[in-house]
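Let's have the full structure, built from the sequences with the hints guiding it.
From first to last, the protein sequence lines are chains A and B. To convert, note that position 319 of the first sequence is 319 in the numbering used here; the numbers rise steadily by one, no gaps. Each number in the numbering used here comes from the position in the second sequence (counting from 1) with 1000 added on.
FYI, nobody ran anything at the bench for these hints, they're computed from the structure. Fair warning: this is a prediction, and the values are worked out from it, not measured in the lab. There may be inaccurate statements among the hints.
[Claimed, not checked] Per label pair, the in silico range of CB-to-CB distance: (1) B:THR1148 / A:ARG12: 37 to 43 Å; (2) B:LYS1273 / A:LEU120: 42 to 48 Å; (3) B:ARG1108 / A:ALA106: 18 to 24 Å; (4) A:GLY29 / B:PHE1109: 34 to 40 Å; (5) B:ARG1108 / A:TYR224: 40 to 46 Å; (6) A:LYS130 / B:ILE1091: 24 to 30 Å; (7) B:PHE1124 / A:VAL70: 54 to 60 Å; (8) B:THR1148 / A:SER132: 42 to 48 Å.
C-beta atoms are modelled at their ideal positions from N, C-alpha and C, and glycine is treated no differently.
Residue strings, one per chain:
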Amino acid sequence: MAALSIRALSKRYANLEVLKGIDLDIESGEFTVLVGPSGCGKSTLLNIVAGLDHASAGTVEIGGRVVNDVPPKDRDIAMVFQSYALYPSMTVRQNITFGMECRGVAKAEQEKALANVARLLQIEPLLGRKPSQLSGGQRQRVAMGRALVRDPLLFLFDEPLSNLDAKLRVEMRMEIKRLHQRIGATIIYVTHDQIEAMTMATRIAVMHRGVVQQFADPDTVYRYPANLFVARFMGSPPMNTVPARLEADAGGPVVVIGAGRPDEVRLRLRGYDAAAPYVGREVVFGIRPECIAEGERVFSGEAPIIVNAPVEMVEPTGAETIVLLRLGGEPAQARISPDVRPAPGEVAPFALDTRRICLFDPETERLIA
Amino acid sequence: MRDRSFASSRILIYLIVSLVAAAWLAPLAVVVLNSLRTNEEIAQGSMIGWPQHLAWSNYAAAWSGFCVAETCAGIRPYMLNSALVTIPATIFSTLLGAVAGYAISLWRFRGDSWIYGIVTLGIFLPQQMRLLPWTIVLRDTGLMNTLTGLVLIHTIQGLSFTVLFCRNYYVAIPQELIRAARIDGAGFFRIFWRIILPLSPPILVVTVIWQFTHIWNEFLYGVTFTTGQQQPVTAALIALSAAVADIPQHGVQSAAVMIAALPTLLIYLIGGKYFVRGLTAGAVK
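See the structure below:
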């Protein structure tokens, strides 16, 4: 059963169209991440699902019921906010039971639900404290407890980790994922952090300018980005996208970067039949930084394709070395072994993994193959 | 050298501050001193002078014996009138201001900023300008020359300030708190009662002090819309000085002024530090 169905949803503020015809179907038990840069409409979409904002057109169905005119409290949802939104004058216990109190749940039942959630989130020792006496991570946990205690059809998370420091964010990320695996809840999670999206989601909806650019599982989004925006947004460092030309010879299609230059790069493609109509035309060539490595690297046993390229800058991160280089004159980033440190200015050999290249139409910016 | 110039500038500052303070306190000092002098003593000497012996009887007379407007019960009944106007009007205007400020700041609705603008416009309207409209309202509601009428006036006029204070305080409360409570199933008044009001004591103290002082000290409406037994103490004090026009009773009058000023002085002494703190402090962190 679809836990959430969104049909032709749009939202307009005066002259500004924030959401333009959103269609999404989210299955029960899925962990869906809405990801996009700020201003892409993801939080507005979440607020409309929650009932905190109204759609200009279209429908929202939760658990098979159209909820457009249903107030937030009757939508069978729970929400975790970026600022946690804990009630400052209430204790942790009161914060968690306030919703049940509003709905008139019997005291004994409240206590039981509270005890369950407190155990699940390991916040039993905090129940008597006020939010001001909690650390950021503890507040985050209490905010989740307030949502979990409701046992709703749908959990909505609005950038819940962005107020935490980097270390805690990684910890809580894992904790939320573990929680999802344990209780199998349906979660819709809004974030601008593509790493959160990649690590937690079962499906990602990448949003930009009020439109869902791609809605697919993380591997598909990463491997086959639907368009240039998705390719550049997902992944850190992002996918290299450089203008190129598609040619063909007896052996099949060849991508040429920097055609006519002395350092032009020619890469033979295998298995890119969909690109055939683009032979003889301009394309955008996309390659992930991890598909450009030091010259000695062997990608899955095939004879490596070696390109000699000038190195502009080197960024050692410890786990790997990021190299800014020129590919046929175009800037590109490579992810090489941490112990390989080419000097800036030198021309070094790089191995390319051409099996995972993406080609985009320069006009429509859509993925060709 | 440097120390000496520092010290002398200090002395100068203290000198100026003391002079200003003395100028401000002089009228109070005259009233306090006269309230403790007998009438004869004042008549023989001047208005300014130390009491030769403390005439506490002035206070007793002012409180319950003196004749005002043909009734000889002192200012006690008028103090009661003032309390019966000030206390309910302070409570009503503060509570209404809090609810209205909460609605305007945290429940954005169409035209909310217009309503806020119109309500606070009342701050800038001169009191005299509102006399005529209130005359019509009191006449039509039958509340002319009643304490209830004054409560009504002060409650409504007070809203301009109480809404301003409360709205500016609540606007710092994060919207997400309201959203979370709405999802939890709480409505407008439950959110106000359980979440917003517990955060409000600082601004409520400020508002209560402000309202109490202003309503207690208010004179124009009191003297215009009430007569005789219905007057608040500020208006009655004038009647008191009129009644004694033939033989000046400065001692008793001063004592009456002191008694009339006491409630607001007490409120300020008790809540003054909250007042200053509340006006300058940010709302919710």
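Going down the list of hints, with the structure as the test:
1. Hint check: THR1148 (chain B) to ARG12 (chain A), Cβ distance near 50 Å, so the stated range 37 to 43 Å is violated.
2. Between LYS1273 (chain B) and LEU120 (chain A) the beta carbons are some 46 Å apart, a value that agrees with the proposed interval 42 to 48 Å.
3. Taken as a hint, the range 18 to 24 Å is violated for the pair ARG1108 (chain B) and ALA106 (chain A), whose Cβ atoms sit roughly 35 Å apart.
4. Checked against the hint of 34 to 40 Å, the C-beta distance between GLY29 (chain A) and PHE1109 (chain B) comes to roughly 38 Å, which is consistent with it.
5. At roughly 42 Å, the beta-carbon separation of ARG1108 (chain B) and TYR224 (chain A) lies within the given 40 to 46 Å, and the hint holds.
6. In this structure, LYS130 (chain A) and ILE1091 (chain B) meet the distance hint of 24 to 30 Å, their C-beta atoms being roughly 28 Å apart.
7. Between PHE1124 (chain B) and VAL70 (chain A) the C-beta distance comes to about 44 Å, which lies outside the given range of 54 to 60 Å.
8. Distance hint for THR1148 (chain B) and SER132 (chain A): a CB-CB separation of about 44 Å, consistent with the stated range 42 to 48 Å.
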